[in-house]
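Peer 1: Given next are the chains, with one letter for each unit.
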Amino acid sequence: MNRKFFTLLLLAAMMIAAGSMACINTVTTIEITDETDSAT
Amino acid sequence: MDPASPAPHLSPGTAESPTPAPADPLRPGVVLAALLTLIGLVLLPQLGFGLVYDDGWTLVTNGFLRVPTELGALFSPEAVTRNIPDAFRPGLVLFDVLSYQLLGLDPRWHHAVSIALHLGVCAALAAWLRRLGAPLILWAGTMTLFGLLAIHAEAIAVVSFREDLLAALLGLLACTVASAAVRSRRAWPLAPLAALLSLGACAMKQSAAALPLLWLLAEALAPWQTRRPWPRLFGLAGALLLGAAALTAFTFWLYGGLSPYGLDNPRLFVTRTGLAPVLAMSTQIHLGYLQQIVLPFGLSPEYVDSGARWDEPATLLASAALLSLLLYGLARARARPLACLAIVGAFILALPTSNLAPMPNMRADRFMYLPSLPVCLGLATLTLAAGRRLATSLARPTLLLAPLAALAILQGAVLAGTAFNYRSNGQLWAVARALAPGSARAQASTGELLIASQNTTTDKTRRATVLARAEAHCIHAERLDPHYELPQLCFARLAAARQDWREARRRFAAALADSPDRNARILAGLAQTSLDLPNHSEDERRQLALAALERGLHEYPYSPELHDVAGQIFHRLGDPRQALEHYRRALTLAPERGEPLLAELALLLDLGLPVAAKHLLAAHPQTWLAADPIDRTALIARQRDALQLFAPTMILSADLVGVFPDEP
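Just so you know, the protein sequences line up as chains Y and F, in that order. For the first sequence, our numbering gives the first residue as 1, with consecutive numbering after it. For the second sequence, our numbering gives the first residue as 41, with consecutive numbering after it.
A short, non-exhaustive set of chain Y residues, derived as facing chain F with CB atoms under 7 Å:
#: 1; residue: L9
#: 2; residue: A12
#: 3; residue: I24
No lab work stands behind these hints, which were simulated from the structure alone. All residues carry an ideal CB built from backbone N, CA and C; glycine is no exception.
Only chain Y is shown next, with the shape it has when bound in the complex:
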């Protein structure tokens, strides 16, 4: 019982991790980094 439960949790964690990648909003963020004085 314990083994099944922990296997289920492990699977769930992995599926959540994979699913979250697909759910991250890919909107282009506002560019607020100014590299004028440091870009090479």
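With the hints as your guide, set chain F onto chain Y.
Peer 2: Same frame as chain Y, now just chain F:
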């Protein structure tokens, strides 16, 4: 597990129902710890997020958190006259003071606190359900769904919204204590503790005032055990309601009314359109909330306030759906007490944020933190029932948990993904513009962010391009809401960046005319730009600047920005004593800001006190290192010149170079 065995676990069974004992049974403590670990892991990436949204107002620029010796002002009407942020939530402000004093402004620690609070809420929910007699599979399922619910992303990922987490934590603990009291032989020793916890919950956020009603409903329905005597139930519900009553009385004492926002506040959409259109839209909003809780799509960090007509099809359909749900819940109270608890409980907890009482935002994901609690109980019950059918019909006992696990995985994945919207202000407002393009706030905030990003840029072409982009956002924001202060503030910052002081002052004045509160930065801008107004005499400019300053310092004595600007103005006006006083106060109110330290150093150099400048710097290493490196380098050069002029024998010992090992 035997297909026939899960039945006793499900509602309306009891915790004490006889179940065939598995060979290797799960212990409640192990289940709780394992599920909390899973929820914690899903939230772990939030440790890398920054301070966003209202964190700026309540944490970063809130000088009140830095002067714990003046804490007494929080419990008097002075809290309102001094514009202490969130003064009507004294418990939250106390928590913020404590967390700031312990953790400083390090976002990682503050996010860790938010995650810990959410885990605490989950554990408290499990404890209360267990106390009510819920079987393991149901309390564990409910807790998992609540812990991973995607609509909670905003409440957990934005540090300042921990008010919801704190209110839920204390409120659920109050419910647990009250449930323990009602089951113990002598209830009254525990009743004061329950009342105190309930008071604490309401002091964090007033919406916790509805929790005692949920407690009474749960105890009255008693889905898993026999109902306790009515006098006890009403007595303990009364004890829980004492907390809500005390907070209501406190708010009335502070504001002279039940609403801390004031009835004619232009931030309240209800003052523009009246209550009927707001309530009509509120029915649509709440059906939307329900969909977002069950199927997590359409979540957003920003929603545009708008009204609706009662005869619109959308309003009619939403009203009919919600009313049918409520009637079903009420009608099935005896036959299906769990369904009644889930449905009627959600309605009760949604009441405080249902726009019946005017609020500055008509809709926000975080408003569903508490109301989602009974919904999760209902969802867990439904998915477990579906799982039981599936397991029975396919003769696969392991399928019992399949629907619940699938829903939890979906919610967890969307929670983790959605939380990334809140990792920085840049990301937050970009997503807000994409999801709510009609939001004047999103457009104006984007404009301000773009302008702020160009403060130290030396490339003129790039600067002009970015400012032109910012101007487009300011124009768009003003078109969307001409009577809102943020678009005016956006234009004011743009004009200041272009050194058009007349336009900047005009826009700051327009922003002030539109804004009912949070005016510290507007008044600071107004004072600062007044000194540079063209075509005004020296005396006029001085008077205008000092007038804005006087009002600002009177209304916002805890604003570090205002004290910094006051120091700069008195510095420019040739009043070093007052300048020094305000620089020091600004440094006390926000030790993380480098500007007042650099300005005070410059003042000391102007006064011919280079050795004092060195001592001041040595006393504030972190602030110095947080300041702009270009300004620091310029000050070091100035200090060397001053040493040569005023203290040539001290050149070797008082040089700023070498005070800190990583200074150039």
